[in-house]
Amino acid sequence: MSDQLEQMQAFVSQAYAEKQPIAITGSGSKAFYGGQSSGRKLDTTRHSGILSYEPSELVITARAGTPLAEIETVLREHKQMLAFEPPHFGPAATLGGSIACGFSGPRRATAGAARDFLLGANIINGKGQYCRFGGQVMKNVAGYDLSRLMAGSLGTLGVIMEVSLKVLPIPACELTQQFEISAEGAIRQLQHWANNNYPISASCHVDNILTARFSGGESRVMEGIDKTGGETLKTADDFWLSIREQTHPFFVQTEPLWRISLPPATLSATPTRCLTEWLGGLRWIFSNQDNDKVFNENTMSYSILFRNNNNIKPNMIPDSLMPLHSRIKHAFDPAGILNPGKLTDQY
Amino acid sequence: MPDHTAFINKLRRILPSNGLLSEAAELQPYECDGLSAYRQTPWLVALPENSTQVQAIVRCCHEASVPVVARGAGTGLSGGALPLENGLLLSLARLNEIIDIDADNRLATVQPGVRNLAISQAVAPQGLYYAPDPSSQIACSIGGNVAENAGGVHCLKYGLTVHNIAQLKIITIEGDCLTIGSHGFDTPGYDLLALMTGSEGLLGIITEITVRLLPQPEFAQVILASFDSIEMAGDAVASIISSGIIPAGLEIMDKLAIQAAEDFVHAGYPADAAGLLLCELDGSHSEVAEQMQSVQQLLIDCGATQTTIAASEAERQRFWAGRKAAFPAIGRLSPDYYCMDGTIPRKHLGKVLATISQWSAEYALPVANVFHAGDGNLHPLILYNANKPGELERTEEFGGRILEMCIAAGGTITGEHGVGMEKINQMCSQFNEAELEQFHAVKAAFDPDGLLNPGKAIPTLVRCAEFGQMHVHNGELPFPELERF
Numbered sequence: 001m002s003d004q005l006e007q008m009q010a011f012v013s014q015a016y017a018e019k020q021p022i023a024i025t026g027s028g029s030k031a032f033y034g035g036q037s038s039g040r041k042l043d044t045t046r047h048s049g050i051l052s053y054e055p056s057e058l059v060i061t062a063r064a065g066t067p068l069a070e071i072e073t074v075l076r077e078h079k080q081m082l083a084f085e086p087p088h089f090g091p092a093a094t095l096g097g098s099i100a101c102g103f104s105g106p107r108r109a110t111a112g113a114a115r116d117f118l119l120g121a122n123i124i125n126g127k128g129q130y131c132r133f134g135g136q137v138m139k140n141v142a143g144y145d146l147s148r149l150m151a152g153s154l155g156t157l158g159v160i161m162e163v164s165l166k167v168l169p170i171p172a173c174e175l176t177q178q179f180e181i182s183a184e185g186a187i188r189q190l191q192h193w194a195n196n197n198y199p200i201s202a203s204c205h206v207d208n209i210l211t212a213r214f215s216g217g218e219s220r221v222m223e224g225i226d227k228t229g230g231e232t233l234k235t236a237d238d239f240w241l242s243i244r245e246q247t248h249p250f251f252v253q254t255e256p257l258w259r260i261s262l263p264p265a266t267l268s269a270t271p272t273r274c275l276t277e278w279l280g281g282l283r284w285i286f287s288n289q290d291n292d293k294v295f296n297e298n299t300m301s302y303s304i305l306f307r308n309n310n311n312i313k314p315n316m317i318p319d320s321l322m323p324l325h326s327r328i329k330h331a332f333d334p335a336g337i338l339n340p341g342k343l344t345d346q347y
Numbered sequence: 001m002p003d004h005t006a007f008i009n010k011l012r013r014i015l016p017s018n019g020l021l022s023e024a025a026e027l028q029p030y031e032c033d034g035l036s037a038y039r040q041t042p043w044l045v046a047l048p049e050n051s052t053q054v055q056a057i058v059r060c061c062h063e064a065s066v067p068v069v070a071r072g073a074g075t076g077l078s079g080g081a082l083p084l085e086n087g088l089l090l091s092l093a094r095l096n097e098i099i100d101i102d103a104d105n106r107l108a109t110v111q112p113g114v115r116n117l118a119i120s121q122a123v124a125p126q127g128l129y130y131a132p133d134p135s136s137q138i139a140c141s142i143g144g145n146v147a148e149n150a151g152g153v154h155c156l157k158y159g160l161t162v163h164n165i166a167q168l169k170i171i172t173i174e175g176d177c178l179t180i181g182s183h184g185f186d187t188p189g190y191d192l193l194a195l196m197t198g199s200e201g202l203l204g205i206i207t208e209i210t211v212r213l214l215p216q217p218e219f220a221q222v223i224l225a226s227f228d229s230i231e232m233a234g235d236a237v238a239s240i241i242s243s244g245i246i247p248a249g250l251e252i253m254d255k256l257a258i259q260a261a262e263d264f265v266h267a268g269y270p271a272d273a274a275g276l277l278l279c280e281l282d283g284s285h286s287e288v289a290e291q292m293q294s295v296q297q298l299l300i301d302c303g304a305t306q307t308t309i310a311a312s313e314a315e316r317q318r319f320w321a322g323r324k325a326a327f328p329a330i331g332r333l334s335p336d337y338y339c340m341d342g343t344i345p346r347k348h349l350g351k352v353l354a355t356i357s358q359w360s361a362e363y364a365l366p367v368a369n370v371f372h373a374g375d376g377n378l379h380p381l382i383l384y385n386a387n388k389p390g391e392l393e394r395t396e397e398f399g400g401r402i403l404e405m406c407i408a409a410g411g412t413i414t415g416e417h418g419v420g421m422e423k424i425n426q427m428c429s430q431f432n433e434a435e436l437e438q439f440h441a442v443k444a445a446f447d448p449d450g451l452l453n454p455g456k457a458i459p460t461l462v463r464c465a466e467f468g469q470m471h472v473h474n475g476e477l478p479f480p481e482l483e484r485f
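Protein chains in written order, with this note's numbering: chain A, 1 to 347; chain B, 1 to 485.
By construction, these hints were calculated from the structure, which means they are not laboratory data. Keep in mind that this is a model prediction, so the values were computed, not measured. Hints may be right or wrong, so weigh each one.
Claimed, not checked - Covered by chain B, per the in silico footprint, the following chain A stretches (three or more residues, Cβ under 8 Å):
(1) 61 to 72
(2) 188 to 196
(3) 249 to 258
(4) 328 to 338
As the list claims (entries may be wrong) - Pairs of lysine to any residue, SDA-like flavour, derived with a Cα cap of 20 Å:
(5) A/127 to B/232
(6) B/347 to A/78
(7) A/79 to B/243
(8) A/127 to B/434
(9) B/169 to A/173
(10) A/79 to B/290
(11) A/227 to B/215
(12) B/347 to B/434
(13) B/324 to B/169
(14) A/19 to A/227
(15) B/169 to A/78
(16) B/157 to A/173
Even for Gly, the Cβ is constructed at its ideal location relative to N, Cα and C.
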């Protein structure tokens with residue numbers, strides 16, 4: 001546990017003065033994602049430590065370099081959790097990296113995403129100024145919501161220094177059921193459950209097997225699976241971990257992995273083998289085909305290259321929003337020194 | 001300023017015959033929003049009927065450098081829709097169509113003038129509803145809800161507006177139409193949906209909103225508990241949440257609020273209680289029954305002098321009617337009241353309320369407190385009489401001190417009502433120069449000429465310098481004994 005604010009702020013200020021690019025790095029667990037930025041390395045891992053945790057207020061605050069695993073351990077002691085189930089993708093994954101990437105895991109479709117649980121973020125912007133946005137309270141509408149803006153910004157708007165998150169109780173009961181069903185059948189089934197108060201908290205469909213997790217009070221979960229049927233999966237925790245961490249056999253391929261976000265009830269959007277999460281709203285495919293448009297109007301879907309990018313340039317911003325993205329980037333980082341090339345090849 | 005006649009003629013060509021108001025008598029209803037202490041007659045009011053007209057109007061204003069203030073239903077409580085003397089007030093009330101209900105994806109796409117409650121009513125046949133429920137939900141519009149990031153009594157479990165919308169269409173000050181967000185769970189790039197939500201009309205004009213819907217809970221039940229002090233009620237809330245239960249609603253009222261509500265709607269509240277806690281649980285019948293038993297026991301363990309579980313849906317509605325009518329009920333006690341909206345970490349509730357009560361005596365202005373206890377959002381209502389010389393000024397000063405105490409306690413000056421015009425000075429206390437500069441830089445990324453709702457939400461550094469001279473005494477923070485974060 002140590003406070004590196006002063007050193008890190010001096011580092012960014014100097015880089016700003018000299019117009020030198022900075023490559024912000026945590027543990028490197030998610031370095032595969034986005035473009036490779038070159039520049040002076042700014043290591044965030046030494047700026048670590050949990051600063052406050054109030055189980056009865058459902059809020060935890062920690063420095064960005066704090067290992068995610070450390071946070072999860074402390075929460076578990078109080079039967080609480082990060083409900084967006086952030087993927088780690090490495091043993092030393094940090095809180096700051098998780099927020100910068102904005103990744104969320106299996107529970108996202110019903111519990112919410114990383115950005116939904118983000119209450120506050122303290123950052124160093126591209127001019128070396130330390131700014132605190134949001135705070136430690138659930139409701140806060142003072143000023144623009146610049147803390148949530150950090151989620152998924154890949155360090156291009158500021159160096160995330162400190163984060164406050166809303167946490168939730170671990171559900172009293174969780175059971176995972178499996179069903180043999182086609183992709184389209186699974187989508188229909190999942191929407192039916194979601195629209196009718198089945199306590200579903202995660203779903204995964206691949207190769208004609210639907211795996212669904214039900215969470216909540218014991219009576220509600222039991223009532224739910226009485227109606228759904230299916231076969232109870234004994235190794236449920238391992239299964240959901242393999243989906244969250246992408247160690248499931250589906251993910252063990254070397255071709256470029258594409259992440260497709262679309263309206264969950266969309267029946268057939270992908271012709272190839274596909275792993276579907278989030279009640280249908282998140283689909284993974286492997287394809288060598290480059291995709292020059294992020295947004296596909298026909299399927300209302302957004303596709304980005306997630307892994308194994310084989311020198312394909314990052315393209316994560318829909319064309320229509322590129323000018324606004326550039327202006328927002330300039331507002332935080334006028335010299336363009338923070339993680340250049342990470343989010344887009346435009347800046 | 002532009003050539004007035006030419007500008008007005010241009011707008012008349014865009015708008016239907018009754019769509020542009022410029023006469024004093026027509027303008028008068030638009031001179032304030034829900035915060036009626038602040039009034040200003042606008043230069044013009046435009047009432048477009050569709051987004052094409054909105055786009056054309058905004059383009060005209062941009063060309064002629066005329067400032068634009070957007071307005072929904074005008075129920076806002078912070079003066080966010082306060083007009084400008086030299087500006088156009090853009091009312092979006094006539095854009096009031098529900099465009100599409102997509103039950104499969106649990107989405108509804110609506111125009112900004114649609115009322116909050118009308119969305120839930122429209123999707124009720126599908127067994128769905130829109131969760132955020134600000135007290136004004138009968139009247140307030142969804143466009144205003146997005147602009148203010150409106151909350152409600154069910155926020156702790158179901159989130160604020162920002163957690164319950166999927167996509168926006170906005171018109172930029174240049175007159176471009178942008179789609180932000182998507183009908184999926186996320187969109188690559190920056191989270192512009194979060195940035196737009198709560199931006200108080202300073203970044204763009206919202207012309208279409210896709211909201212997320214939830215299945216109506218199978219069952220809801222409420223328990224009412226009386227306490228001998230507000231602090232004990234606050235501790236009971238902490239104890240419920242620590243036990244792993246997230247209630248759908250958790251509200252606290254103080255003695256004055258309880259009595260006012262009871263006299264007004266006869267909700268069945270115990271009039272002798274110092275603090276009243278309303279706790280609602282929802283879910284399946286068995287789940288609610290299970291949790292209700294635990295909650296009741298926790299309340300008794302925390303010193304509740306009386307607990308009553310609503311025996312019927314009618315009784316549940318009656319218990320809520322008291323809380324929901326608290327503002328008008330308190331309004332009956334006094335010619336005017338001023339509603340504050342600070343948020344604090346709940347553990348400071350006792351100290352903060354004790355200080356408010358002490359200041360209430362000093363200012364000789366009574367205060368009633370209602371409190372969204374689950375998420376720490378305080379609504380002290382200061383009772384005053386605007387016709388007594390100096391009383392409004394004293395009320396505002398008192399209110400300002402309450403907000404600064406909320407900041408000192410690690411909270412914020414506004415939980416759900418927005419900064420608007422009302423809390424602009426306290427923004428100087430909550431944020432430092434670098435932070436305010438960052439806000440202005442973001443504003444400039446959307447609206448470099450500062451034509452969208454100028455003067456609201458984010459104070460200029462000059463304003464803060466002037467305000468600082470008036471308000472900081474001996475460089476001391478207003479609540480030094482509170483723990484800082």
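Inset, instruction - Taking the numbered hints from earlier one at a time, note which ones the structure violates and give those numbers from smallest to largest. - result: 1, 3, 5, 9, 12, 13, 14 and 15
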